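Heads up: the sequence lines are chains A and B, in that order.
Be aware that the first sequence starts at 1, since it is given in this note's numbering, and climbs by one per residue.
Be aware that the second sequence starts at 232, since it is given in this note's numbering, and climbs by one per residue.
Among the clues, some could well be false.
Said to hold, decoys possible - Which residues of chain A face chain B? A few of them, derived with a C-beta cut under 8 Å, are:
{"#": "1", "residue": "Phe183"}
{"#": "2", "residue": "Leu184"}
{"#": "3", "residue": "Leu185"}
By construction, these hints were calculated from the structure, which means they are not laboratory data.
From a predicted model like this one, the values you see are computed outputs, not experimental measurements.
A virtual CB, placed ideally from N, CA and C, is assigned to each residue, including glycine.
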Amino acid sequence: MANYKDITIQGLWKNNPGLVQLLGLCPLLAVTATVTNALGLGLATMVVLIGSNVLVSLVRDYVPKEIRIPVFVMIIAALVTTVQLLINAYAYELYLSLGIFLPLIVTNCVIIGRAEAFASRNNVWASAYDGLMMGVGFALVLVILGAGREILSQGTLFSGAEQLLGPWAANLTIHLWKVDTSFLLAMLPPGAFIGMGLMIAAKNVIDKKLEERKPAPVQTEITRARITKVG
Amino acid sequence: MAFKSASSPHINTQLQTSRVMQRVLVCMLLGFAAQLYFFGWGSLIQVLLAVSVAIAAEAAVMKLRNKSISFALSDYSAVVTAVLLAVAIPSMAPWWIIVIGVLFAIVFVKHLYGGLGNNIFNPAMAGYVLLLISFPVQMTNWNAPLSVAAHSPTFTDAFNTIFGLSHYAADYWKQAIDGTTMATPLDSLKTGYSLEHITSEIMKQPAFTGSIATGWFWINLGYLLGGLAMLKLKVIRWHICTGVLVALFICTSAGFLLHPDTHISPTNQLFTGATMLAAFFIATDPVTAATSPRGRLIFGAMIGILVYVIRTFGGYPDAFAFAVLLANMTAPFIDYYVRPRSYGHRTS
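Next comes chain B alone, as it looks inside the complex (with noise of 0.2 Å):
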């Protein structure tokens, strides 16, 4: 029997799983390269550890479990993964914090549950809750955009600061409380507002005005525009980053109408924190998200509104790793009760 060329209409092929984690990986690159520009090389270190250490730990455990190596590899997940970790951890933590991250997302967040499409969490941001709650301190030390930096530390610098190998990381330390590390935006807003400080005042802060701000909006920027590309690519569907920032959006607008005393203007929570970063490559993650269309809405709107609780009333600066794993738990009740109607079905 032959299957010769057929006439139309046609089936189109789905996307194989290493494809479309491919094009997540091409479509990050613009956020990155922003991110790389303003924090320095700091982070394409943490990138290239963090995805040395996934690929041996995907290894391992597929050996454990007497299934193909490379079959596991080859679907790029892990890499995902790895990066997103390793994008979200400040650029200048030591190497130990992102092993540690990588290990747990790999080997308990995702293969303990049954691997690459049994997971219940997110594995990246399931690895960040890990080490935010294990190591607050190391994990809210970000170092000031470079170019108010007193002293920009070269590729060397940021590697044995990393490693712990020369002095300068002792000094890194030790300056952090003068100058070399800053405060993110989101930071100093939660700090301003415990001091009783109002928005106004806490805008005029150097986080809001000097170079900082602008930092953390181009990388939102880029990560906006790589997102947007994803979509175009058809590697993600628009209802879960909709409903993100919609919901994002329509709270923190009512909050700042409301009382803009104590809350910041809407477009300053898109364009700050991990907001695009995590609306287009963290909560669309198809295995732990809602699967309807509806559902997808209900779910990103979800991430939205707890983004804003946290934020605005939470302890921590920033919420989406946190918004983004109770989502998760929801989205098999939301698949329960959110069905799409069968085709010819009526209600009634």
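So that you can see chain A by itself, here it is in the shape it has in the complex (with noise of 0.2 Å):
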């Protein structure tokens, strides 16, 4: 019943959880300063999203209806604690980086607003393609706005991903150009506030431009079905 290229679509783009819905900005605005906190906060988060859309959709039968809020919430806390140990384990210099933002996923809107919109009402192959397809949508739009708030406040791109990927990805970092001073604003949150609302409009330019470029509808002429003569 769930049309697979749909949901696609609607992940990646017309329904992009952080440019077109703007859930989670809280995460989104603050941890996007390098690509490598954007990644790792956008991959920890598709997890969650992906794992709390396939239990929902797993129980969605057996839970009463007034009460599955609470039940989804307390599906997607124990994802969240689990993927923070185990970044705390394996990622510590990323757990450190990402801070109060990795346990505060729980209250990100995206993951309860899929499992409500969308888990709670589709079968489970459904449901974790859609919170795939969310998740990577998601990730994209942290990725994009960290590398614009990278390279214009300290000219390198990747810097720290070993943080991420362990001690070979150090010779990612790609210095771009050497900034004697850098640009504090594309750091501080006013930079995020900025690049997020280029980002928002640069989507509804390309979503006109798209629109121009379809062929108008084809005119059907109305045939009436009765033709009252006046006079």
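Both chains come to you apart, so use the hints to assemble them.
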């Protein structure tokens, strides 16, 4: 019953959690100072989103409607705790730099929103796929915003990638140019807000351009069932 | 139908925006000349650079918005914004400082809100705040007034420093520690108080005794005279600037009388930093200020009080940019509550 192509388009573009639904703005704005942080939080959110969608979809027929929200929140909280402990164990540096925003994934509206709007109404496979696509859409926004802010403020990309991917990734850091004085604004919260605004504007422009390119719907002539003669 | 000379009463024609802006620029000349005299050619280069960037940015945005470029440029508002920002930044700041500031002011603060007449915040001051929080080092490095500097920079020197072309630039920044640049009076005041010095001790420092204090005094005096000329020409009304200066004077007098060890005298407050420039040329921006006479008095007084509070208790030495932006936010609120009485309307 679920159309996978439609889920893909919804998650990545039309209903993108970051750009269109504007959900989970708090972590989105707070941790996107570098690509590494953005990617780390994006991946963590995606894992939690897939897991919660699957679990919610599995239990959807057994949970009474009245208490579904507390049940969903418990599921999400359990998953977030797992992810948090995993990152704490395997990527401690990243755990430190993400700080409070890792446990705060619990309150990320994207997750409860998808659980309520999609997973509690669809089967397991469709829900898992929806979680994946929404998660990828969210992570993409995070990474693009993080890349923009990191380039502007430090002139690098993927600095500190070894925190996320292990020691081999230290070579991934790309120095685009050397900056003597970092552009502090891009690193500070206002930079995140301005960057986010520009991304939303860019999406709207692209949508408008696509709309214009679409051929105008063919006007079908209205045939009247009955013509009343006046006079 | 012919409308020939009618008898009185005559209706005066409204001043056109372009005429107002041109007069603002002319009135700034005196203070700007003082600034050139005391701080060298740097300011002139900054102004020229700022104006060209502003015109290019304005034209580009108008092109993107499919509007008439010549119409937007002919009102001179972009030029005024650029000049105000350029005289507010240190005269030897590197070129990209003013370019970033002007681009942000014109594109983000002015045109993203709908262009002249629709912007909520004063573009020049928003640009200044962006620069101040992004590049604190470059934005607080004022060179010493020429008469005390060991080596007075020529026009070429200033040009090379700003564009980072020669070794002079590197030397300049190296010498920043020992003599070419010097703390402004407000800077030394902030540092002095943080070291728990009292006012009379700080007043003995070179920033207050030597030609630096005189330099800032003359610049402020120049802008004060320019401001009075604007009042005379009816480019601005008296409410806002009076509100700013009177509120600042009352606050600082009270502080000075109650606790002279941690306050400088009111006249010092009025004639240092950006006081006169801001009171007459920046706070009076008709777009972002309150509109009714009483509202404008309140708006101006608010700026004066905020400047006193931030200068005395805040982290930054001067405060006009922050004060003006905070007051800009309240302008619609003030307008909502302070409405002029309509003619013939009686209370109760």
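For each hint, the structure was consulted:
Hint status for Phe183 of chain A relative to chain B: holds, with the closest Cβ pair at about 6 Å, below 8 Å. For Leu184 of chain A, the interface hint holds, the least distance from its beta-carbon to any beta-carbon of chain B being 4 Å, beneath 8 Å. The interface hint given for Leu185 of chain A holds, since its Cβ lies 4 Å from the closest Cβ of chain B, which is under the 8 Å cut-off.
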